[in-house]
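Enquirer: The chain contents come next:
2 protein chains.
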Amino acid sequence: MTITESKTTTGPAIRFSDVQAAAERLRGVAHRTPVLTSRTLDEMTGAQVYLKAETFQRIGAFKFRGAHNAISALEPEVRERGVVTNSSGNHAQAVALSAQLFSIPATIVMPTDAPPAKIAATRGYGAEIVFYDRYREDRAAIAEQVARDLGATLIPPYDHPLVMSGNGTTALELIEEVGDLDLLLVCLGGGGLLSGCATAAKALSPEIEIWGVEPEAGDDWAQSYARGERVRLAEVPRTIADGQQTEAPGVLTWPTVRPLVKGILTVSDNEIRDTMRFLFERMKLVTEPSGASALAALLAGKVDGRDKRVGVTITGGNIGVDGFCQIINQRDA
Amino acid sequence: MTITESKTTTGPAIRFSDVQAAAERLRGVAHRTPVLTSRTLDEMTGAQVYLKAETFQRIGAFKFRGAHNAISALEPEVRERGVVTNSSGNHAQAVALSAQLFSIPATIVMPTDAPPAKIAATRGYGAEIVFYDRYREDRAAIAEQVARDLGATLIPPYDHPLVMSGNGTTALELIEEVGDLDLLLVCLGGGGLLSGCATAAKALSPEIEIWGVEPEAGDDWAQSYARGERVRLAEVPRTIADGQQTEAPGVLTWPTVRPLVKGILTVSDNEIRDTMRFLFERMKLVTEPSGASALAALLAGKVDGRDKRVGVTITGGNIGVDGFCQIINQRDA
Numbered sequence: 001m002t003i004t005e006s007k008t009t010t011g012p013a014i015r016f017s018d019v020q021a022a023a024e025r026l027r028g029v030a031h032r033t034p035v036l037t038s039r040t041l042d043e044m045t046g047a048q049v050y051l052k053a054e055t056f057q058r059i060g061a062f063k064f065r066g067a068h069n070a071i072s073a074l075e076p077e078v079r080e081r082g083v084v085t086n087s088s089g090n091h092a093q094a095v096a097l098s099a100q101l102f103s104i105p106a107t108i109v110m111p112t113d114a115p116p117a118k119i120a121a122t123r124g125y126g127a128e129i130v131f132y133d134r135y136r137e138d139r140a141a142i143a144e145q146v147a148r149d150l151g152a153t154l155i156p157p158y159d160h161p162l163v164m165s166g167n168g169t170t171a172l173e174l175i176e177e178v179g180d181l182d183l184l185l186v187c188l189g190g191g192g193l194l195s196g197c198a199t200a201a202k203a204l205s206p207e208i209e210i211w212g213v214e215p216e217a218g219d220d221w222a223q224s225y226a227r228g229e230r231v232r233l234a235e236v237p238r239t240i241a242d243g244q245q246t247e248a249p250g251v252l253t254w255p256t257v258r259p260l261v262k263g264i265l266t267v268s269d270n271e272i273r274d275t276m277r278f279l280f281e282r283m284k285l286v287t288e289p290s291g292a293s294a295l296a297a298l299l300a301g302k303v304d305g306r307d308k309r310v311g312v313t314i315t316g317g318n319i320g321v322d323g324f325c326q327i328i329n330q331r332d333a
Numbered sequence: 001m002t003i004t005e006s007k008t009t010t011g012p013a014i015r016f017s018d019v020q021a022a023a024e025r026l027r028g029v030a031h032r033t034p035v036l037t038s039r040t041l042d043e044m045t046g047a048q049v050y051l052k053a054e055t056f057q058r059i060g061a062f063k064f065r066g067a068h069n070a071i072s073a074l075e076p077e078v079r080e081r082g083v084v085t086n087s088s089g090n091h092a093q094a095v096a097l098s099a100q101l102f103s104i105p106a107t108i109v110m111p112t113d114a115p116p117a118k119i120a121a122t123r124g125y126g127a128e129i130v131f132y133d134r135y136r137e138d139r140a141a142i143a144e145q146v147a148r149d150l151g152a153t154l155i156p157p158y159d160h161p162l163v164m165s166g167n168g169t170t171a172l173e174l175i176e177e178v179g180d181l182d183l184l185l186v187c188l189g190g191g192g193l194l195s196g197c198a199t200a201a202k203a204l205s206p207e208i209e210i211w212g213v214e215p216e217a218g219d220d221w222a223q224s225y226a227r228g229e230r231v232r233l234a235e236v237p238r239t240i241a242d243g244q245q246t247e248a249p250g251v252l253t254w255p256t257v258r259p260l261v262k263g264i265l266t267v268s269d270n271e272i273r274d275t276m277r278f279l280f281e282r283m284k285l286v287t288e289p290s291g292a293s294a295l296a297a298l299l300a301g302k303v304d305g306r307d308k309r310v311g312v313t314i315t316g317g318n319i320g321v322d323g324f325c326q327i328i329n330q331r332d333a
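Quick mapping for you: the protein sequence lines, in order, are chains Z and X.
1 is the number of the first residue of the first sequence in this note's numbering; add one for each residue after it.
1 is the number of the first residue of the second sequence in this note's numbering; add one for each residue after it.
Just so you know, these hints were derived from the structure itself, not from any lab.
Glycine included, every Cβ here is placed at the ideal spot set by N, Cα and C.
Between beta-carbon pairs, the in silico distance windows are:
no., chain 1, residue 1, chain 2, residue 2, range
1, X, Glu207, Z, Asp322, 40 to 48 Å
2, X, Arg32, Z, Pro259, 39 to 47 Å
3, Z, Pro76, X, Gly263, 50 to 58 Å
4, Z, Pro76, X, Arg277, 37 to 45 Å
5, Z, Gln20, X, Val236, 58 to 66 Å
6, Z, Ser38, X, Ser268, 30 to 38 Å
7, X, Arg32, Z, Arg148, 48 to 56 Å
8, X, Glu176, Z, Ala120, 36 to 44 Å
9, X, Gly46, Z, Gln20, 35 to 43 Å
10, Z, Arg148, X, Gly179, 49 to 57 Å
11, X, Gly28, Z, Pro259, 39 to 47 Å
12, Z, Gln326, X, Gly301, 29 to 37 Å
13, X, Ser268, Z, Pro259, 54 to 62 Å
14, Z, Pro76, X, Asp307, 33 to 41 Å
Some, not all, of what chain X presents toward chain Z, calculated at C-beta under 10 Å:
no., residue
15, Pro34
16, Leu36
17, Thr40
18, Ala53
19, Val321
Looking at chain Z on its own, in the form it has when it is part of the complex (with noise of 0.2 Å):
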């Protein structure tokens, strides 16, 4: 069952500029992490497959991007006072170590379920963590009411012009580094990576076809993109990629997201395993499954990437073994 939701704001949230603008307040603090090829990638796909790693971003994933984004363009005695947030993970530790960086507090709401090692990485930041039960509670609301509390600033996980454009940074790289490209297979949960790289590619490389890629049980964007409207899902989709658990597009990604795509994918929990098993053996890559997810795409053939050069977005690696080896080993039926 889906809910429509009512229609908000109607053009796109950030711009080229904002990109460029956050490439340089990251300049020298984010890393520019590697694009990574594979001949048997190549030769599996018939495509030229550029891979940006962002599983070696700082804090493991792309998050850092955006969170570091946003806190540096805040006024500093507005800073000083602290920063909240609520994430199944990544953008927690992004906070959290921005707000180190920055020598300010940090307070991270979290999901009690989120994994272990994601919680262990965030206290390892010096950040606080609340937590709240993410199939009952509303994570937004709770967030909301920590920041008022503590006069703290809230960085939404995505649907935040500063975040979307720092993110966004990460097509900015993958662009300047290879050239143009044919396609880009973004990983998209609530819209915070894809709207940003969107937005760059589009402007580096304007024939670029991109496409979103979000998991089936958890296709809110899908449903939105062919009802061209934002449709809310009635519950927090299952599904082993809990980085892209969103129920329903955000109001500033969806439209600065949905002019730009050429339509969104999914694909299964199991595709995604069998993504995170070829990186693992064939690329000795770790990746976490919300990471795997755009490969997972185009492994599976959902998008033919024949003769093109194809870009794709590897956007995390923050699992643990044994979460790791027991997600591959649970395959659905």
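Since the structure of chain Z is already known, use the hints to place chain X on it.
Expert: Just chain X now, with coordinates in the frame of chain Z:
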């Protein structure tokens, strides 16, 4: 029980100029692998650590360097009759790929219990495989017989000057990229990597302190170093580090390594497991047990890296997901 080997050659089998010549042969064919750093690793060890990630080498391990150097140096009319080798896996893939690049036949003598991922990858490069029982048969004798039968050239896994000098380009690249090092820790099986790396490192960075690192269960080098002569273990060592199950130092690697190293360190299988987990969870790298042994010595405090610039070889990542998960979970009591 151990047996002392008869003394054989006395001087080093290679010189620095051999490593430099190998670097020329490998240019544009072998990957110049990345040097990885980690703030967490530096904090844990008090050192500045530079990991030379041969997991990203062609075939997923440093072995391509030695094998391709040796095969490249053959006279064309000899080379075209094909090559043969015996190997626990990575050298097999290295010879197979190099043969494929030269369009010549390759036959690999491989233990029946070699990891399935390595067998599949070797076949994937178009090589023929002849299996033998690691605990009962003499692999070297079988490989020699196969070579005679086919009129092909035997490419030994480590005890060959061209293999040693090819592998030495690993340390050559590392020091070229990061500058002088105080310490160099090298994974040690037959000594093919250590002999080449020590030769290059001492030439480039004369004050460097070099350690070989082998599994506790297969301490043939540590025993040899203590006695001042080659010692052969009575049994094939039982360790998770399948690439380091050699029974004795090589006839050529031993006299090359001995005068150049400070000593030999050993690590337990559990220390290797902990290091594989660290590399997975914090650095997002897949490493096979043998590949993690040198870093294990540093993380377990077998050598003091504090306030030093430490180079460490991460030698390979050829392990399937299932084997990785099994090894990590089967801790020794």
